[in-house]
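Novice: Below, each chain spelled out in residue letters.
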Amino acid sequence: MIEAQRRALEAFLAEATGAEAVELLGASRLGGGAIQENWALEVRFRGGRLEGDHRLVLRTDAPSRIAPSHGRVEEYRILRVAHALGVRVPEPIALCTDPGPIGRPFYLMRQLGGEARGIRIVRDPRVREAGDLLLEELARQLALLHTVRPPHPELAFLPLPEESPARRRICEYRGYLDSIEAAEPVLEYALRRLERRVPESRDIVLAHSDFRTGNFLVEDGRLVAVLDWEFASWSDPIEDLGWFCARCWRFGAVEREAGGIGPKETFVAAYERASGRKIDPGRLLYWETMATLRWAVIALLQAERHRSGEEASLELGLTAHLLPGLERDLLDYLERLEGT
Amino acid sequence: MTGRQEMAALLRTGREELRARLMPELAGEDRYLAAMIANCMAIAARMLERGEEMAAAERRALAALYGAAGEDLALETLRRRLARDIREGVFDGGREAALRAALGERVRARLAISDPSRL
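Listed in order, the protein sequences are those of chains H and X. If you want our numbering, it's the 1-based position in the first sequence plus 20. Just so we're aligned: 13 in our numbering is position 31 of the second sequence, and the numbers increase by one with no gaps anywhere.
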């Protein structure tokens, strides 16, 4: 971060919090995704609503992002809705829609401790001892989020599905497959099977839509906060449960069906208690299958970025070799679906 | 030894050195990167040794769905035609069991190269 940006950021923070003076004591880049850039900031506020020293995270779109949409702006609004509901999330601090200070819109939230990496979480002995507690906490966050129904005044930018959420996803994923050169018979088969048994859901809620191990912080085996809200959408609540339980998001702990953390029954029972919904096991299996398909399509798009020469990357290149395993999962899921 | 077997053996030896001698010295991001490189080398070795055989196995399995008409078709052509036919519902109903068996063969052939631990 260059000196001019630091000063502009200090000025923005002073105005946003009503402080007389703000001093940026430290700024360091955090590891993160390809679509956003995260910075850890140490900030000293004199006066205003945040008087004192604070550790904050600044989140902005990565410069390489193709569509300079208001990705972070929307994410901040979703984060605010979730925070106001009482879902455990990092406290949203301020949003800057003006590209002036650092060249792009950004927002700030409170920095929290804990581990987010999936592989560390599923191997953590404290998680293995008290996984049921963690599953209960996670289920409660989802149930709380799923109380929000459209329309919502702060979420007018989220499109409402015109048809059932499952049908919308099938259309979306077929569109992605059509955008690349490769022909994928197993993914087409999964799409066709899922199309022929689409649940006609009337239960549309605010879904996180990327709720999985790796996207929340855990400390001492307990949930700190749910992160990564950029995919939130109006959807079938079971879609979130399916994404969380799908075999591909268990980080090697495949026998612990709920996110590599513990038994699916424990997670589902906790969600049922907290939400008052009854979860049909066949419906959940349907959405686990859809989750596997979604990850397969994303993996294919990522691999394509490497293959086409758009972005040479070992990680993206290796993603292509996840496909056969995901196809194995899909065929297994489809067979189990037949039995429901 | 054929040229391909020799290349595969060379990659395996390189991979073993990386894993046995370099990786224990690494931590964090560097170790993760080294593990990815080791995985690349293993996949490349399997491709050299069995890539053609596995592509032929997948081609045979997909071609069988089209009888005599499928016999001379290239793998890429078959994949394209099959993907389109599945989407259009050609395999709905009676022919689905045969389709599932062929897709199972495709997955096994590809796992043999990408991730034999899932076979």
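These aren't lab readings, by the way, just hints derived from the structure by calculation. Careful, some of the hints might be misleading.
What the hints assert, rightly or not - Stretch-level coverage of chain X by chain H, calculated; a stretch enters the list once three of its residues show a Cβ under 8 Å from a Cβ in chain H:
| no. | segment |
| --- | --- |
| 1 | 24 to 31 |
| 2 | 35 to 41 |
What the hints assert, rightly or not - FRET-style restraints, in silico, Cβ to Cβ:
| no. | chain 1 | residue 1 | chain 2 | residue 2 | range |
| --- | --- | --- | --- | --- | --- |
| 3 | H | G296 | X | G71 | 36 to 42 Å |
| 4 | X | A9 | H | G296 | 20 to 26 Å |
| 5 | X | L4 | H | E149 | 50 to 56 Å |
| 6 | H | L334 | X | M(-17) | 47 to 53 Å |
| 7 | H | V93 | X | L8 | 37 to 43 Å |
| 8 | X | V72 | H | E174 | 45 to 51 Å |
Unchecked claim - Partner residues aside, some chain H positions facing chain X, computed with beta carbon under 10 Å:
| no. | residue |
| --- | --- |
| 9 | G195 |
| 10 | L207 |
| 11 | E208 |
| 12 | H341 |
Keep in mind it's a predicted model, so treat the numbers as computed, not measured. Don't be surprised by glycine CBs; every beta carbon is placed ideally from N, CA and C.
Novice: Mind checking, does the segment 24 to 31 of chain X have 3 or more residues with a CB under 8 Å from chain H?
Specialist: violated (count 1)
Novice: Holds or violated: 50 to 56 Å for the Cβ distance of L4 of chain X and E149 of chain H?
Specialist: Violated - the Cβ-Cβ distance for L4 of chain X and E149 of chain H, about 35 Å, lies outside 50 to 56 Å.
Novice: Any CB of chain X closer than 10 Å to the CB of E208 of chain H?
Specialist: At 4 Å from the nearest chain X Cβ, E208 of chain H passes the 10 Å test, so the hint holds.
Novice: Between the beta carbons of V93 of chain H and L8 of chain X, is the distance compatible with 37 to 43 Å?
Specialist: Holds, at about 40 Å.
Novice: Does L207 of chain H meet its interface restraint, that is, does its C-beta lie within less than 10 Å of any C-beta in chain X?
Specialist: Holds, because the Cβ-Cβ distance from L207 of chain H to chain X comes to roughly 8 Å (cut-off 10 Å).
Novice: Quick one: are A9 of chain X and G296 of chain H within 20 to 26 Å, going by C-beta?
Specialist: 47 Å Cβ-Cβ, so the 20 to 26 Å window is violated.
Novice: Tell me if the beta carbons of G296 of chain H and G71 of chain X are separated by a distance inside 36 to 42 Å.
Specialist: holds, 39 Å
Novice: Can you take a look at whether the segment 35 to 41 of chain X is actually covered by chain H? Rule is 3+ residues, C-beta closer than 8 Å.
Specialist: Result for this restraint: violated, n = 0.
Novice: Quick check on the hint: G195 of chain H CB to chain X CB, less than 10 Å?
Specialist: violated, 12 Å
Novice: Determine whether the Cβ-Cβ distance between V72 of chain X and E174 of chain H falls within the hinted range of 45 to 51 Å.
Specialist: With Cβ atoms ~47 Å apart, the hint holds.
Novice: Hint check: is the beta carbon of H341 of chain H less than 10 Å from a beta carbon of chain X?
Specialist: holds, 4 Å
Novice: At the C-beta level, are L334 of chain H and M(-17) of chain X separated by a distance inside 47 to 53 Å?
Specialist: violated, 29 Å
In this structure, the earlier hints numbered 1, 2, 4, 5, 6 and 9 are contradicted, and the remaining ones agree with it.
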